[in-house]
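Protein sequence lines correspond, in order, to chains A and B. Heads up: the first sequence begins at 1 in the working numbering, then just goes up one per residue. Heads up: the second sequence begins at 1 in the working numbering, then just goes up one per residue.
By construction, these hints were calculated from the structure, which means they are not laboratory data. A virtual CB, placed ideally from N, CA and C, is assigned to each residue, including glycine. Keep in mind that a hint or two might mislead.
As the list claims (entries may be wrong) - Chain A stretches covered by chain B per the calculated footprint, using a threshold of three residues with CB under 8 Å from any CB of chain B:
{"#": "1", "region": "83-95"}
{"#": "2", "region": "284-291"}
{"#": "3", "region": "432-439"}
Said to hold, decoys possible - Residues from chain B shown here face chain A by an in silico Cβ test under 8 Å; the list is partial:
{"#": "4", "residue": "Ile-178"}
{"#": "5", "residue": "Asp-182"}
{"#": "6", "residue": "Leu-195"}
{"#": "7", "residue": "Arg-196"}
{"#": "8", "residue": "Gln-199"}
{"#": "9", "residue": "Ser-200"}
{"#": "10", "residue": "Gly-397"}
{"#": "11", "residue": "Glu-404"}
To be verified - Straight-line Cα separation of at most 25 Å, DMTMM-like style, residue types lysine to aspartate or glutamate; simulated pairs:
{"#": "12", "chain 1": "A", "residue 1": "Lys-585", "chain 2": "B", "residue 2": "Glu-419"}
{"#": "13", "chain 1": "A", "residue 1": "Lys-467", "chain 2": "A", "residue 2": "Glu-125"}
{"#": "14", "chain 1": "A", "residue 1": "Lys-407", "chain 2": "A", "residue 2": "Asp-442"}
{"#": "15", "chain 1": "B", "residue 1": "Lys-189", "chain 2": "A", "residue 2": "Asp-289"}
{"#": "16", "chain 1": "A", "residue 1": "Lys-103", "chain 2": "A", "residue 2": "Glu-115"}
{"#": "17", "chain 1": "A", "residue 1": "Lys-290", "chain 2": "B", "residue 2": "Glu-8"}
{"#": "18", "chain 1": "A", "residue 1": "Lys-290", "chain 2": "B", "residue 2": "Glu-183"}
{"#": "19", "chain 1": "A", "residue 1": "Lys-585", "chain 2": "B", "residue 2": "Glu-396"}
{"#": "20", "chain 1": "A", "residue 1": "Lys-407", "chain 2": "B", "residue 2": "Asp-128"}
{"#": "21", "chain 1": "B", "residue 1": "Lys-211", "chain 2": "B", "residue 2": "Asp-62"}
{"#": "22", "chain 1": "A", "residue 1": "Lys-559", "chain 2": "B", "residue 2": "Glu-419"}
{"#": "23", "chain 1": "B", "residue 1": "Lys-189", "chain 2": "A", "residue 2": "Glu-587"}
{"#": "24", "chain 1": "A", "residue 1": "Lys-111", "chain 2": "A", "residue 2": "Glu-125"}
{"#": "25", "chain 1": "A", "residue 1": "Lys-559", "chain 2": "B", "residue 2": "Asp-382"}
{"#": "26", "chain 1": "A", "residue 1": "Lys-290", "chain 2": "B", "residue 2": "Asp-421"}
{"#": "27", "chain 1": "A", "residue 1": "Lys-573", "chain 2": "A", "residue 2": "Glu-552"}
{"#": "28", "chain 1": "A", "residue 1": "Lys-559", "chain 2": "A", "residue 2": "Glu-532"}
{"#": "29", "chain 1": "A", "residue 1": "Lys-616", "chain 2": "B", "residue 2": "Glu-8"}
{"#": "30", "chain 1": "A", "residue 1": "Lys-290", "chain 2": "B", "residue 2": "Glu-419"}
{"#": "31", "chain 1": "B", "residue 1": "Lys-158", "chain 2": "B", "residue 2": "Glu-84"}
{"#": "32", "chain 1": "A", "residue 1": "Lys-407", "chain 2": "B", "residue 2": "Glu-423"}
{"#": "33", "chain 1": "B", "residue 1": "Lys-189", "chain 2": "B", "residue 2": "Glu-208"}
{"#": "34", "chain 1": "A", "residue 1": "Lys-585", "chain 2": "A", "residue 2": "Asp-354"}
{"#": "35", "chain 1": "A", "residue 1": "Lys-585", "chain 2": "B", "residue 2": "Glu-423"}
{"#": "36", "chain 1": "A", "residue 1": "Lys-573", "chain 2": "B", "residue 2": "Glu-131"}
{"#": "37", "chain 1": "A", "residue 1": "Lys-573", "chain 2": "A", "residue 2": "Glu-562"}
{"#": "38", "chain 1": "A", "residue 1": "Lys-616", "chain 2": "B", "residue 2": "Asp-135"}
{"#": "39", "chain 1": "A", "residue 1": "Lys-585", "chain 2": "B", "residue 2": "Asp-193"}
{"#": "40", "chain 1": "A", "residue 1": "Lys-616", "chain 2": "A", "residue 2": "Glu-539"}
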Amino acid sequence: MHSPSQSFDVIVVGGGHAGSEAAAAAARMGARTALVTQRVDTIGVMSCNPAIGGLGKGHLVREIDALDGLMGRAADAAGIQFRLLNRRKGPAVRGPRTQADRKLYRQAIQKLLREQDGLTLIEGEADGLVVTNGRVTGLVLTDGRSLQTGAVVLTTGTFLNGLIHCGEHTEPAGRVGDRPSVGLAQSLHALGLPMGRLKTGTPARLDGRTIRWDQLEWQHGDEEPELFSDLSTRVAVPQIACGITSTTPEAHDIIRANLHRAPMYSGQIQGRGPRYCPSIEDKVVRFADKTNHQIFLEPEGLDDPTVYPNGISTSLPVDVQEAFIRAMPGLDQVRIVRPGYAIEYDYVDPRALDPTLELRACRGLFLAGQINGTTGYEEAGAQGLLAGLNAARLAGGQEAITIDRTKAYLGVMIDDLVTQGVTEPYRMFTSRSEYRLSLRSDNADERLGPLGEALGCLSVERRAHFKQKQAQLLQAQALLNERVLTPNEAAARGLTLNQDGRRRTAFEILSYPTVSWADLIRIWPELRSVPERIAARVETDAKYAVYLERQERDIAAFKRDEDLALPESLSFKSISGLSAELAGKLETVRPRTLGQAGRVEGMTPAALTLLIAHAKAASRAKVSV
Amino acid sequence: MTTTNDPEVIFAPATGMGRAAVAIVRVSGAGTRGVLEALCGRVPQPRRASLRTLCDPATGEDLDQALVVWFPGPASFTGEDMAELQCHGGRGVIASILRVLARLPHCRPALAGEFTRRALLNGRMTLDQVEGLADLIDAETEAQRRQALRALEGETGKAVQQWREDIIGAMALMEAAIDFSDESDVSEKVIADGLRIAQSIRDQIESELSKPQRPERLREGYRIVLAGPPNAGKSTLLNALARRDAAIVSPIAGTTRDVIEVHLDLGGYPVLLIDTAGLRESDDRVEQEGIRRTQARIAEADLVIWLQPPGGEACPLDGPDVLVLGTKADLGTSGSGLSVSATTGVGIDRLLSLLQIRAETAFAAGEGILITRERHRAALEDTLACLDRALAGDAEGATELVAEDLRLAARALGRITGEVDVEDVLDRLFAGFCIGK
């Protein structure tokens, strides 16, 4: 049993996707870590849709995997329908996705956590933080236990002052069937943090045994599944198909007739919901001219009859839910296992965070996931990973790390959050990245592997794997750069290049849209030795070469501004020449670099010049001390 | 201290755009030597003024005889490699030099305060110096904004705003095809729709660029708007100013019945004096239109002179660019400040010299309409090149590359219209498509 007071290097509160990654990452770094959760058996639960990955999101999972996180491995273990989205488009925008067996996913995460050295799982409800002189020093549980620590990662999901809405009925809850975190919310409010309310929703769950599947169309997975993790070698469990149905004019009429009973429209809900995941009542109102919406019926597991109807999240009353769902093809007899609902919860304005995910107002306190205004398992997991790494580094007396926009979607997300704040739950899209052609799901390990290695958060197996892949890549690149052809020699081999007499390397030749890897093998059979996925990656680099060179210049310009640090002690209010409004915005965001300051809304050239001057003056002062 | 040499070469006229014998164009950045080689062949000895013939490397056409000074970094104003081109002061000469510069690779017009910023980054300036310059940069930014507004008035301006809207629309379609390809509401044809929009913008920009350069426009001058209540004496003052020997006047019939424009030359600086309809609440439709135009003139003005007769209503406008002027000084005074009488001539000379100082200051701070126009041309040429690449791409198989070229096109166009942010694109996307399965 636990003693009344225990001490840990890092304590993670919450066992969702952010919490699991945070706890595992901190422990991988060698920190003595505790994960505190209301119920250990719900660690790794997928509270909403039973799927991992997608566009932008699949990129995040690959990045988590590159830093040896859990999500990719668990998704591969639980995946029951793998699909690579945008397969017919270019490699930069291909996003791996899978349906996941809810139970298998949870089990996979729990297994990975139990196997992790240095990690203790504690069942209990966090009641409040202990803060001494602006630093977090411990955590108190509702049963009276107190835990000592120097670093806490909060991943409260929808639990902070969570309030469920289902028609006229409201109920304080963190998730259906779970208590909300009220004490912890008080603790955060007491720190004087800027906080707000957001809203999200989930559809009803259906009993698959009451669906007329024979009336539906099917969506199947890919013939050749693309897995998430570099460490996975094959699909682990049998694959399934999803049914496709759609809403009907009749269903829309039912929804329209009952809008006054929808909390979103009656004014009962105050928090903002996401535009890209609207409830069915929102869709019917905002896109009134559409007579139907496609709905996917996704089985939640191999031995679970529950079905997730993707596309009809709702907070209408239960009787209305049943009526409109039964107006859809194949669902006329369906039984609702659990009604859909909307949930409102507290979040912290992420501009109160440093890009390390540590709160400026309370040192040692890190936030990750929905508490920072994001939505989605992948967004949460990626933040959890960085928060866990930094909590462990803090505990070890090391400086926290940041990941910038040029390096990873994780960096894009965190920069967006801490610089712009949020007005709706933040979700990742590939269009959010200005370096989309560089930040691909196929090169996540190349982008983040060296960082993981330097931090010491990679397992022995992962490190070996990474090294081997890097060596193969270098070898392939060398092979291509050593082989050259003149235009005439190429023509003799059936390839048309510009007749400019210039000798081109095999890599340059591969950059032609008309030339494929197979063409190169015809000319240089020894290239057959290059493993298929390495060849694919090199070919992508070649096809993108012109664009990547331009992007390199943009990245260089970005880095010049990003390398100029603004001193932490800089008081924006005291800079003469800055307008009060702009100084106020800068104080809210507290940019750490000139580049970040430039992305603050309303920034002017004169203001940036003043910031450079002050940064330069401060760095000179530092040197002369 | 290490200095950095920015690979992007920037240039700007360092002298005002008023009538002058000599104008100086400054160039800074790592490729400055290349710029000199392209323009005048041999690079002169460092810090030695040398007479060179500048010519357009694309056509071989001579542009001007100029004194060229080469300042290799770090011993230069910005700490980077720099050059000064001291050319003849005619507007046509400067315009052609700016245009040729804008077409050289990695070479673009400087942004407000950019020379200062580079000097600062290279430790060539102290904090005190910069704080003194911040106001100047603000003024530059404001002047650029105002000039951009002015350059964009009329048909072209409307077209440019429409291009911005359209390019956001095209990007939204392309991004929908990429980020939401698994959504049933996003059909395969969005890519073709996006390309159609891009093609239309492209054709319009090409036609705009191929229009012959318009002759010097009267509106290129320091704009002074006379405003005030009806019968405050605006027309009388206009006539009085126009009669003075100090002002060389070319009276132009107003383009509307409500606005009279008079072109003055004050100490070599072109000044445009605009008389407006009196500002007052009105039910009369013609008069309402006159007032609307007056307000539009005021928004574009460099200086508003609010005429206040004795006992007249107080100035409703506020700001450093408003001068309150008492009129009919022969009939009594209307409070403190400058007052004039068109009847007796009291105060008119003082007013003229004050206006000259204002015009001089404005021309020194701003870069003038010329560079604005060249900046626009350069931006439109870039936009066109990006759109051409986007349209030539494989939109189905490599949508992400077409989207990248559209993004670059939007970025180039954004130099005229203001930045296109990813949020603008997402707003459009979520308004147009029902996303969320």
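Checked hints:
1. 83-95: holds (count 7)
2. 284-291: holds (count 3)
3. 432-439: holds (count 4)
4. Ile-178: The hint holds - Ile-178/B has a Cβ within 8 Å of chain A, the shortest such distance being about 5 Å.
5. Asp-182: Holds, about 6 Å.
6. Leu-195: 15 Å, violated
7. Arg-196: 19 Å, violated
8. Gln-199: 21 Å, violated
9. Ser-200: This hint is violated: Ser-200/B lies away from chain A, its Cβ roughly 22 Å from the closest one there, beyond 8 Å.
10. Gly-397: Holds, because the Cβ-Cβ distance from Gly-397/B to chain A comes to roughly 7 Å (cut-off 8 Å).
11. Glu-404: 6 Å, holds
12. Lys-585/A <-> Glu-419/B: 20 Å, holds
13. Lys-467/A <-> Glu-125/A: 42 Å, violated
14. Lys-407/A <-> Asp-442/A: 13 Å, holds
15. Lys-189/B <-> Asp-289/A: Roughly 19 Å between the alpha carbons, so the hint for Lys-189/B and Asp-289/A holds.
16. Lys-103/A <-> Glu-115/A: Satisfied, since the Cα-Cα distance of roughly 18 Å is no more than 25 Å.
17. Lys-290/A <-> Glu-8/B: Judged against 25 Å, a Cα distance of about 50 Å means the pair is violated.
18. Lys-290/A <-> Glu-183/B: 14 Å, holds
19. Lys-585/A <-> Glu-396/B: 42 Å, violated
20. Lys-407/A <-> Asp-128/B: 37 Å, violated
21. Lys-211/B <-> Asp-62/B: 23 Å, holds
22. Lys-559/A <-> Glu-419/B: 20 Å, holds
23. Lys-189/B <-> Glu-587/A: 46 Å, violated
24. Lys-111/A <-> Glu-125/A: 22 Å, holds
25. Lys-559/A <-> Asp-382/B: At roughly 24 Å apart (the allowed maximum being 25 Å), Asp-382/B and Lys-559/A satisfy the hint.
26. Lys-290/A <-> Asp-421/B: Cα-Cα ~29 Å, so violated.
27. Lys-573/A <-> Glu-552/A: 35 Å, violated
28. Lys-559/A <-> Glu-532/A: 34 Å, violated
29. Lys-616/A <-> Glu-8/B: 22 Å, holds
30. Lys-290/A <-> Glu-419/B: Status violated; Cα separation ~33 Å.
31. Lys-158/B <-> Glu-84/B: 36 Å, violated
32. Lys-407/A <-> Glu-423/B: 21 Å, holds
33. Lys-189/B <-> Glu-208/B: The hint is violated at about 29 Å.
34. Lys-585/A <-> Asp-354/A: Holds: Lys-585/A and Asp-354/A sit about 15 Å apart, inside 25 Å.
35. Lys-585/A <-> Glu-423/B: 19 Å, holds
36. Lys-573/A <-> Glu-131/B: 15 Å, holds
37. Lys-573/A <-> Glu-562/A: Distance of about 22 Å is within 25 Å: holds.
38. Lys-616/A <-> Asp-135/B: Measuring from Cα to Cα gives roughly 19 Å; hence the hint holds.
39. Lys-585/A <-> Asp-193/B: 39 Å, violated
40. Lys-616/A <-> Glu-539/A: 43 Å, violated
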